[in-house]
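Chemist: One letter stands for each residue in the lines below.
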Amino acid sequence: MALSREQLAQRVAQELQDGYYVNLGIGIPTLVANYVPAGIEVMLQSENGLLGMGPFPTEAEVDADLINAGKQTVTMAKGASLFDSAESFAMIRGGHVDLTVLGAFEVDVNGNIASYMIPGKLIKGMGGAMDLVAGADNIIVTMTHASKHGDSKLLSNCTLPLTGKGCIKKVLTDLAFIEIKDGKFHLLERAPGVSVEEIAKLTAGELVIPSHVSEMKF
Amino acid sequence: MAGFNKVVDSYEAAMAGLEDNMTIIAGGFGLSGNPENLIKEIKRKGTKGLTVISNNCGTTEHGLGILLFDKQIKKMVASYVGENANFETQMMSGELEVELTPQGTLAEKMRAGGAGIPAFFTATGYGTPVAEGKEVREFNGRNYILEEAVTGDFAIVKAWKADTFGNLVFRKTARNFNPLAATAGKITVVEVEEIVEPGELDPDEIHTPGIYVNRLIKGTFEKIIEQRTVRS
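Those protein sequences? They're chains A and B, same order as listed.
Mapping of the first sequence onto my numbering: residues 1 to 218, in sequence order.
Mapping of the second sequence onto my numbering: residues 1001 to 1232, in sequence order.
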């Protein structure tokens, strides 16, 4: 079975380590905050100027001056700090964030990522994504492995305009956990009940399959 | 003698001197911390051919978005424009020129513009459409692109509190691009929720010193929330 959105978030959460500063992108990455393992402390960075983002507010706590990068109302966790956008991106671009999780339309075997624009169709802008992928060393891309029509999103070369070049090393899809190195995809884990053959069929870029591929555990 | 007193008594006076084809830098992240009344004054004035530099272009109905109704904006420099339906229509029809700029690069362009730094190198955008036509330099084995600073004929800013000298304090994530915009305007206009006398703000709590501020006005704010999300 392909992973649900919640399972994707849960699997990413297993990569969290105690004391990590983490930036979570909009969509599935945001859900990761719900699955921080017990006994671990992480601090969430929100690119609009908040380090130490808390849960959504109660009705009484709603504050127009306190939002996240998705423009949703949020709260501050204990020990939070506030700053301007240049400071926020100094943290991001300067490599001070320990883990970045974001979505994508396509990734390729050279670690390129396309996530912000579909020419002629979708023009919204890159927001902070280009800074995030350029600045972070430890990035996990979460995405579906293939489109609804069965077209692979793990390619030899990205076809859409790039968000970043040669910057992605880990991809978690609804079917597999994959590492990118030496110009190839390397299969690390498969989703429960998903066969290696199925993953290989839906991976357009070169995929290295070790003799044993373990199932993800939840 | 006005001395250091920056307070003006009307929005008309706040935006006096804004002319067609000028460049405006605006603070705000979405509608949070956007200078909503200064934007309304620009709409009322009907100034056209504007270049606007801001992270977003408001929503369809609010913030900078209202300047699209009468096509007052000629060019928009922003990182994300997905919340405004008119924006996409005018961009697709070619009536509106758009320069999509990564958010961190945009913040740094304003900071550099205000700090007298004409350009800077960043890895952000290297190898992407953002890098097209820009100088590339290698430092320590990595490629960086040259990004130029921005300044505005006007900067429009929303702060929380100010003293009459224009020393500013922002509130929570409504700070965002506002302090950066404040430094980068030839004329920086700030609207606030509260104005106090000099000496009433703790000098240690001032986010933006008054030297950057030319005009100050007290307003009342709608503070529209784009995505009201609550937990039960």
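Read the hints as simulated data drawn from the structure, not as lab findings.
A hint or two may mislead.
As the list claims (entries may be wrong) - Which stretches of chain A does chain B cover? Using the computed rule of at least three CB atoms under 8 Å from a CB of chain B, they are:
(1) 28-39
(2) 46-54
(3) 125-135
(4) 180-191
Just so you know, even glycine gets a beta-carbon here, dropped at the ideal spot from N, CA and C.
Chemist: Test coverage of the region 180-191 of chain A by chain B using CB-CB distances below 8 Å; three residues minimum.
Modeler: violated (count 0)
Chemist: Take the region 28-39 of chain A, compare each residue's beta carbon with every beta carbon of chain B, and decide whether three or more fall closer than 8 Å.
Modeler: violated (count 0)
Chemist: Does the region 46-54 of chain A contain three or more residues whose Cβ lies closer than 8 Å to a Cβ of chain B?
Modeler: Per the Cβ count (5), the hint holds.
Chemist: Counting residues of the region 125-135 of chain A that have a beta-carbon nearer than 8 Å to any beta-carbon of chain B, does the count reach 3?
Modeler: holds (count 9)
Going down the numbered hints, you'll see the structure goes against 1 and 4, while the others check out.
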